[in-house]
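Colleague: For reference, the chains in residue letters:
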Amino acid sequence: MRGDNMLGWAKDLFPICRSLAGPGVRETLTYLNKLLPEMTLHEVATGEQVFDWVVPQEWSVDEAYIEDEDGVRIVDFKDHNLHLVSYSEPVYEWMDLDTLDQHLYSLPDRPDAIPYVTAYYERLWGFCLSHKQRQSLKPGRYRAVVKSALYDGALSYGELLLKGREEKEILLSTYICHPSMANNELSGPVLTAALAQWIDETLSDRKYTYRIVFVPETIGAIAYLSRNLDQMKQRVVAGFVLTCVGDERCYSMIPSRTGGTRADQVLSSVLASRDDVITYSFLDRGSDERQYCSPGVDLPVAVFCRSKFGEYPEYHSSLDNFDLVTSTGLGQSFDVMADCITALEQNVYYRAITPCEPQLGRRGLYSNRGIGDIPQAALKMRHILAYADGTHDVLSLAEITGIGPDEVRDILRQLEVAGLVCAE
Amino acid sequence: MRGDNMLGWAKDLFPICRSLAGPGVRETLTYLNKLLPEMTLHEVATGEQVFDWVVPQEWSVDEAYIEDEDGVRIVDFKDHNLHLVSYSEPVYEWMDLDTLDQHLYSLPDRPDAIPYVTAYYERLWGFCLSHKQRQSLKPGRYRAVVKSALYDGALSYGELLLKGREEKEILLSTYICHPSMANNELSGPVLTAALAQWIDETLSDRKYTYRIVFVPETIGAIAYLSRNLDQMKQRVVAGFVLTCVGDERCYSMIPSRTGGTRADQVLSSVLASRDDVITYSFLDRGSDERQYCSPGVDLPVAVFCRSKFGEYPEYHSSLDNFDLVTSTGLGQSFDVMADCITALEQNVYYRAITPCEPQLGRRGLYSNRGIGDIPQAALKMRHILAYADGTHDVLSLAEITGIGPDEVRDILRQLEVAGLVCAE
Amino acid sequence: MRGDNMLGWAKDLFPICRSLAGPGVRETLTYLNKLLPEMTLHEVATGEQVFDWVVPQEWSVDEAYIEDEDGVRIVDFKDHNLHLVSYSEPVYEWMDLDTLDQHLYSLPDRPDAIPYVTAYYERLWGFCLSHKQRQSLKPGRYRAVVKSALYDGALSYGELLLKGREEKEILLSTYICHPSMANNELSGPVLTAALAQWIDETLSDRKYTYRIVFVPETIGAIAYLSRNLDQMKQRVVAGFVLTCVGDERCYSMIPSRTGGTRADQVLSSVLASRDDVITYSFLDRGSDERQYCSPGVDLPVAVFCRSKFGEYPEYHSSLDNFDLVTSTGLGQSFDVMADCITALEQNVYYRAITPCEPQLGRRGLYSNRGIGDIPQAALKMRHILAYADGTHDVLSLAEITGIGPDEVRDILRQLEVAGLVCAE
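First to last, the sequence lines map onto chains V, H and E.
For the first sequence, the numbering used here begins at 21 and goes up steadily by one.
For the second sequence, the numbering used here begins at 21 and goes up steadily by one.
For the third sequence, the numbering used here begins at 21 and goes up steadily by one.
Wrong hints could be hidden among the right ones.
As the list makes no split between identical chains, a pair holds if one copy fits it or if it spans any two.
Here are the simulated DSBU-like cross-link-like pairs (lysine-lysine), alpha carbons at most 35 Å apart as the crow flies [claimed, not checked]: (1) Lys98 x Lys158; (2) Lys167 x Lys152; (3) Lys152 x Lys400; (4) Lys400 x Lys253; (5) Lys183 x Lys98; (6) Lys98 x Lys54; (7) Lys167 x Lys188.
These are calculated hints, taken from the structure and not from any lab test.
Since the model is a prediction, treat every value here as computed from it, not as a measurement.
Using the sequences plus the hints, can you model the full thing?
Modeller: As structure tokens, this is what we get:
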């Protein structure tokens, strides 16, 4: 059900021609804004300096095609927006095949796939097509037509702050700058939107504030950080970059640069109960964790993927479609992140309130009438109390005492009710 | 000799019906006070709040028995004080076997043993008997008689402070609330008394102050801590809970909650030279280390046992007698603790006084007339000097240099006499 | 070439009769001063207290021999200065063989070798000879003649400070108090002199200041430290004791007392690429690292040797000559130390200047026109930037990223030119 919703949103968003800045990103954010009415849209003007970078111009496309001498459009942006190199400059010119070929991109090892090519920060134009089609092109004259525009405007991003009881934040970040591809990227935004709805609706008594951002990759994250870094450094206790989360193949994580952050701990602990988990090195990074974990930024951010970007055969091509991304895959990814969030919400640090052991008996928590060993239930309660020194959360108490996390939670609940431990 | 003394005291104390509070504890403390005249006796009034607990009433027993229709006392408290559940309320009633049986306790897997059962914080009465005897009871009428009293009074404990040159303290803690059982518990108080005599008489020039406490288990330790915690946190550098130290089977230690304290180090180092050593986890704890190591108390306290409570077949039954506890066993335990105390007294941290190596030759500590390698003695002295940087004690110097602890001590003595190292 | 120079200097210095203090040390320093004109010579007066020690008298020898009844000089200091026990007091006396023999030293297990014997801090005289010769001595009368003098004067040492851009220092220390032996000791001073020339001439734009000291072993290092310790503790970031560096057998290092200093790191990293490396324990120390690493001094100093002192059969005897020490051996040792110094000079700690990744594309450092994976060069640059957080030097960046140190250096250079990282 939840997977179906996400899949439906992804299919709605699929045809839009997203790029770094321009109408495609805006249209995508508008769609997401309907799902998440509290989300606010932000723009950063072309030419604005964001840390080391400068915000690029917007790009829009009216039409783009290659036609042959018979007027047949052999490659048409209308058919698939991957056919046009992103940020292609305008062209309207007849040329022979040799000249045209210098502007063509195909994948010899995936002859049926249209590749995904960008030229954000260079002035050029180009078309992408299947290698099969490219090889079938006959010598002759072709007209390349790109009716695109590059113009000063703004970079757009969406931000949703879901307030919790505390100012401390969990960050969810995903990107919205890739054209028609399903896993990379639409799986990320739709999972993030579904999580945001769930947090808003189901986690109404949540502890943490959730900072949820939909940004164009790299430049968007940098722009966002340039506006929010100080606050995020004070508030974010764990963050996740969500990308390539729609297939059913495996589960992947890329730990933060330093490792060992709360995001790393909880994601790795949640994935421990799944099969087919791949833990990459930070050296394998590639998405906005590059910015969130850079020196001087150093936020506690890990990446969650199914098949990691760059590691699956359909990556960055027209094969990255809804044969790969499924309702089931999206649903499983939702579960992983919901488990992570639940764990973070629940993983408070416990402190025993009284020095020495409390008297469990007079609270009905301990009865040893009869003979023999201390009852297991009382022993477990004592174990939890013995380590509730303010430095251990549920998972840590579970690990130390050998009691399962759910039972640890039950026991802590009883102890909290009895006024014997408090959560910090 | 020392073992015989301890065994004699244990046999004297054996018949007394100890419990949490009442004449049994007081009589036991009075006996120990004769051995340790400087010990002071303390009382905490019934109803007084001690941390999370409330001090219970005293309990005393006049007589208690079960008699059959022929007036034969088939179970009698006079024969063995384990026959009566501790803190049994009064009863004087005829009943049939079925009703009586609900008040009987036996051990099917140890059919000859009378079990040890307590009901400190509940109102009930009961009798304990061997499973064999229980099975031999014939249907019929029985009279259960318990002439006991529960009344406001006080919890008693004994405290002995043996002043040393320094205010820093070593804690020895044992308990005095179990009726006629030899290993758990009389081995603990008699070993502690013997150690106290030895410290007082033999260690007259001791460095540390010794805080030696005889308390009813759990509630006594909590009451004691509630009165002394602040001071103990400032002063105690190592402490030991002494319990089940009278058999000859194995040596056991339970490290402190955090591990790595000076008590852990010295006990584990002393036990390293013994055979059959079992090192338990803090999760296996069960005596007053539960209080001494609880969050907020966190004293550096380890437990020393021979066969650990709960781990030997005679535990908590009438089989825990002088077949199990021997003069030899007690003597060996004395040696372990005396070694620990000696090590603590001696394990000062050494610091070389002069930068660079001192000139051993002009002090007669080094002679290399002739040929060949540096004499071993001088080389060892240099090794000790090289690591005498104020962070290593004898055991640590021994471990680093590979020189035996006794030889390390000899060398340090020479170096101290020569004014080349000082102890910190 | 460089090896030949060093070997030539060692051969020039070989005949001089060095000892702790006196004309031999002074003559050696004068020779080294010609090689290193900026070196300054220092003297510490006899009787001066240096930490725990007192500076000894000078010792000089006019002649020393044993003659037989026929006036034949069977042992003569002129033939080999090892024949005389260092610091022998004067003697001029006829005696029988038995008496003489009490003053003779030889090595039964190395019957052809004249041993090296000293008596610095004792009043005695003695001759050293091969065990073969000793055994051939016939009963009869012998005259022992030692025309030596012990007199108040001074202990001499040489110090060379080669200023760098920074006040932080690299220490090179070697000793100059052994008579005619090639590996222990002349290999040390000649390697140190060659390194000093190379640092002065080749490393003209060096970062570090080099503190290069030629001292009599032990007492000289102690005297030097007593005058310079405070400054050295502030300035020395890495130091090396150079001794026994002239043979071709193996490479040895003795780490500093604590280990893990920058000297330990760089020496062990440089030696990792050599064959036949022995890493000793600090317990195997024996030269001036004994002082540099003593408690209270604790400089970051490691020892570099080929065959370590005490570990090769020619050690401390006339067999320690130019059969053992070669031009090749000295040259290889030079390379090790030059590599260490180069590494230290280059191993600055890098910090990325901008938060988030910088925009490599607009600086011509990244071009992704076309299809496919991120270019390796750009990926490596990003990896370096990702870890340039001010805590990693070249070697550490190389280890983390798996990029070779030279390539790491190239990339850092490009990034520095582009203003994207700075060195700390």
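Colleague: Against each hint, give a clear statement of whether it holds in the structure.
Modeller: The hints, checked one at a time:
{"no.": "1", "hint": "Lys98 x Lys158", "verdict": "within (22 Å within a copy, 98 Å between copies)"}
{"no.": "2", "hint": "Lys167 x Lys152", "verdict": "within (26 Å within a copy, 101 Å between copies)"}
{"no.": "3", "hint": "Lys152 x Lys400", "verdict": "between (66 Å within a copy, 34 Å between copies)"}
{"no.": "4", "hint": "Lys400 x Lys253", "verdict": "between (38 Å within a copy, 27 Å between copies)"}
{"no.": "5", "hint": "Lys183 x Lys98", "verdict": "neither (42 Å within a copy, 70 Å between copies)"}
{"no.": "6", "hint": "Lys98 x Lys54", "verdict": "within (26 Å within a copy, 84 Å between copies)"}
{"no.": "7", "hint": "Lys167 x Lys188", "verdict": "neither (47 Å within a copy, 63 Å between copies)"}
In this structure, the earlier hints numbered 5 and 7 are contradicted, and the remaining ones agree with it.
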